[in-house]
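Taking full-length UniProt numbering, the leading residue of the sequence shown gets 1, the next gets one more, and so forth.
Among the clues, some could well be false.
Calculated lysine to any residue pairs in the SDA-like style (CA-CA distance at most 20 Å, straight line) [unchecked claim]: (1) Lys43 / Trp57; (2) Lys43 / Thr22; (3) Lys53 / Pro73; (4) Lys53 / Arg24; (5) Lys53 / Glu32; (6) Lys43 / Ser16; (7) Lys43 / Gln23; (8) Lys43 / Ala19; (9) Lys43 / Gln33; (10) Lys53 / Asp18; (11) Lys53 / Ala19; (12) Lys43 / Val15; (13) Lys43 / Arg24; (14) Lys43 / Thr26; (15) Lys43 / Cys63; (16) Lys43 / Pro61; (17) Lys53 / Gln41; (18) Lys43 / Gly54; (19) Lys43 / His21; (20) Lys43 / Pro72; (21) Lys43 / Asp9; (22) Lys43 / Arg56; (23) Lys53 / Val42; (24) Lys43 / Gly17; (25) Lys53 / Ala71.
Hint data in this document are derived by calculation from the structure and do not stem from the laboratory.
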Amino acid sequence: MTELPAGLDTGGTIVSGDALHTQRPTAHYLLEQAGAHYLLQVKGDQLLHTRAKGLRWDQVPRCCAKSTVCAPPTAPSSKP
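Make the full structure from the sequences, and use the hints.
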């Protein structure tokens, strides 16, 4: 994920990706060029997972979301 569709305004949005996209170039692109934040999955076989497990997660401040927005469900396609 080093390029998003042209004309897509991602400034201030959160872009999520699976473990395949958990790479430094992807994070840099999303932050610096797309102006977005990111949420990327880390799998157990990645070095980053080992590093993340060693962090003091009990000391991370917790916050609560004030609102949640979900995309509307899509209708099943009638195409074969």
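If any of the earlier hints don't hold here, list their numbers in rising order.
3, 5, 9, 15, 16, 20, 21 and 25
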